[in-house]
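**Q** Those sequence lines, one after another, are chains A and F. Following the numbering used here, the numbering of the first sequence begins with 22 at its first residue and continues without gaps. Following the numbering used here, the numbering of the second sequence begins with 3 at its first residue and continues without gaps.
Quick caveat, the hints were computed from the structure, so don't treat them as lab data. It should be emphasised that the depicted structure is a prediction, and the values quoted were computed from it without experimental measurement. Cβ coordinates follow ideal geometry from the N, Cα and C atoms, glycine included. Take the hints with a grain of salt, since some may be wrong.
Some chain A residues near chain F, calculated using beta-carbon distances under 8 Å [stated by the list, open to error]:
hint : residue
1    : Ile106
2    : Lys107
3    : Lys109
4    : Ala132
5    : Leu134
Derived DEER-like restraints, expressed as beta-carbon distance ranges [to be verified]:
hint : chain 1 : residue 1 : chain 2 : residue 2 : range
6    : F       : His56     : A       : Lys89     : 52 to 60 Å
7    : A       : Tyr196    : F       : Asn221    : 40 to 48 Å
8    : A       : Ile267    : F       : Ser66     : 27 to 35 Å
9    : F       : Leu40     : A       : Tyr196    : 47 to 55 Å
10   : A       : Asn133    : F       : Ala70     : 17 to 25 Å
11   : F       : Leu40     : A       : Asn133    : 48 to 56 Å
12   : A       : Pro38     : F       : Leu71     : 29 to 37 Å
13   : F       : Pro75     : A       : Tyr153    : 56 to 64 Å
14   : A       : Asn212    : F       : Ala164    : 36 to 44 Å
15   : F       : Pro75     : A       : Gly74     : 48 to 56 Å
16   : F       : Pro22     : A       : Asn133    : 47 to 55 Å
17   : A       : Gly50     : F       : Arg61     : 36 to 44 Å
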Amino acid sequence: MSDSHTQKPDLVTQLLPIEFRSISFNKSGNRLINNLSLTINSLGITIILGPNGAGKSILLRLLHGLDKPDFGDILFKDIAANYAIKRKQAMVFQNAVMLRRSVKDNLAFVANLHASKQEPDLLALLDEVGLYDKQHMPARRLSGGEKQRLSLARALVAEPELLLLDEPTASLDPYSVQMIESLLTKLQRRNTKIIFITHDLNQARRLAEDVIFMHKGRLESFQSAEDFFKNPNSKFAEAFIEGKLIF
Amino acid sequence: MQIFSDSFTTAFFLIISGDPDLYEIIFLSIKVSLTSLLGSIIIGLPVGAFLAIHRFKMRSVLLSVLNALMGMPPVVVGLIVYLYLSRSGPLGFLNLLYSPTAMIIAQMLLVTPIIAALSAQIIEDLHIEYKDLFRSLNVSTSKAVVAYIIDARMSLLTVVLAGFGRAISEVGAVSIVGGNIDHLTRVMTTAIALETSKGNLSLALALGIILLTIALGINLLAAHAKNWVMEKQDV
């Protein structure tokens, strides 16, 4: 990865704290996010946990500006999201969307938008996610794990200060999971703020500095990872950690 | 079935004889069809992309109209163009009736709805797949459209071939607005119709075989190019 990516000491402070103020979001008459308020201030990885239908992906989409809340505000260091703030974010989706081009051209597409990276930088990124040797291969022919790694590399082309990931390691082989986790840890050390949805409690234990737990569109718990796994302050979170069904 | 073997022989000798009249007809057919196809692409593709990406009140109505226009009878199109271009028509002052330009206009009216409606469907499918990614990357609409066209190029090539097929095989509209004038507006299809009406079935069928060969050759070339790109890029 380029030196520019390793040296951005204070960039993250431009987006933190991230504050959700009384957010509600409805779709087709259903309230998917219900009066949610929280402030994310940590530099570490924030993990969002919760059963299916809890509203985790919607929360990430609202944060990234893909959907707009019906009520409430999302503030980045007291400023509502604008184009400049959005340019500092990147998102990796659960289903990796591959442009119908080669692996390298998938990165080049983003590089051309931002004019931030040259070919050697893109090749370095591919090397970092273990896809250097497949740079000329059609992206759609990659395996699921490789696609997700390419998605992550593509998200990093624009050098985001805030990286949002929606279950990027779901259904991946252990090697891909390990590679993605290792890359996320490196990014976090380089001051990239990471917010990450997962269903894997062990992964949450490995990576999280703090944990957001959601249930039926509500914020049930927002604690440091240590507190969350030792003394969850929600009965639903406790049941979730114990692997029980939550209704 | 004697007529079929005679026709193949006639077609073969017509081609190798280098008959200037025949080649004039062939080249005019290809010129008119390719020009109308190019015009239809220039108009139809942006219209299709616009309908694929934007959501507005009359969108479904417009798509239904485009779909209906794909099956518009060529003679009706020919009649409409004729009425506009005839001396007493609103565009009569342009003196375009019975010219290759009139034939191109008529063919464009037939081909543009095909290009627009089919490309709208193809680009919409891609738009649904890419939409969130492009919004996440702050891709402008114009850059998104270019990306859709590049990434859907193989499917769009099939659309273009369908448009070319419609143009080169069309007879009703071009005979009305072109008049089938020898050395001016006579194309393959109108020549076939003329020879059939004269009872010269063998020559008509020979011309038909040549027309089919041209259409088949262009389609084979496109299919070869498509397979080559798909093999290389899996698009």
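**Q** Minimum Cβ distance from Lys109 of chain A to chain F below 8 Å?
**A** violated (11 Å)
**Q** Regarding Gly50 of chain A and Arg61 of chain F, is the given constraint of 36 to 44 Å on their beta-carbon distance met?
**A** The hint (36 to 44 Å, Cβ to Cβ) is violated, given that Gly50 of chain A and Arg61 of chain F are roughly 24 Å apart.
**Q** Regarding Tyr196 of chain A and Asn221 of chain F, is the given constraint of 40 to 48 Å on their beta-carbon distance met?
**A** holds (45 Å)
**Q** Just tell me: holds or violated, for the beta carbon distance of Asn133 of chain A and Ala70 of chain F against 17 to 25 Å?
**A** violated (40 Å)
**Q** Is the hint on Ile106 of chain A kept, meaning its closest Cβ partner in chain F is under 8 Å away?
**A** Violated: closest Cβ of chain F sits about 11 Å from Ile106 of chain A, beyond 8 Å.
**Q** Cβ-Cβ distance between Pro75 of chain F and Gly74 of chain A: within 48 to 56 Å?
**A** holds (53 Å)
**Q** Classify the hint on Ala132 of chain A as holds or violated, based on whether any CB of chain F lies nearer than 8 Å to its CB.
**A** violated (11 Å)
**Q** Hint validation: Lys107 of chain A versus chain F, beta carbon distance must be below 8 Å. Holds or violated?
**A** holds (6 Å)
**Q** Could you tell me whether the CB distance from Leu40 of chain F to Tyr196 of chain A stays inside 47 to 55 Å?
**A** holds (50 Å)
**Q** Within 29 to 37 Å or not, the Cβ separation of Pro38 of chain A and Leu71 of chain F?
**A** About 56 Å separates the Cβ atoms of Pro38 of chain A and Leu71 of chain F, which means 29 to 37 Å is violated.
**Q** Honestly, do Leu40 of chain F and Asn133 of chain A meet the 48 to 56 Å range at C-beta?
**A** violated (28 Å)
**Q** Would you say the C-beta atoms of Pro75 of chain F and Tyr153 of chain A sit inside 56 to 64 Å of each other?
**A** At 58 Å between Cβs, range holds.
Hints 1, 3, 4, 6, 8, 10, 11, 12, 14, 17 from the list above are not met by this structure, while the remaining hints are.
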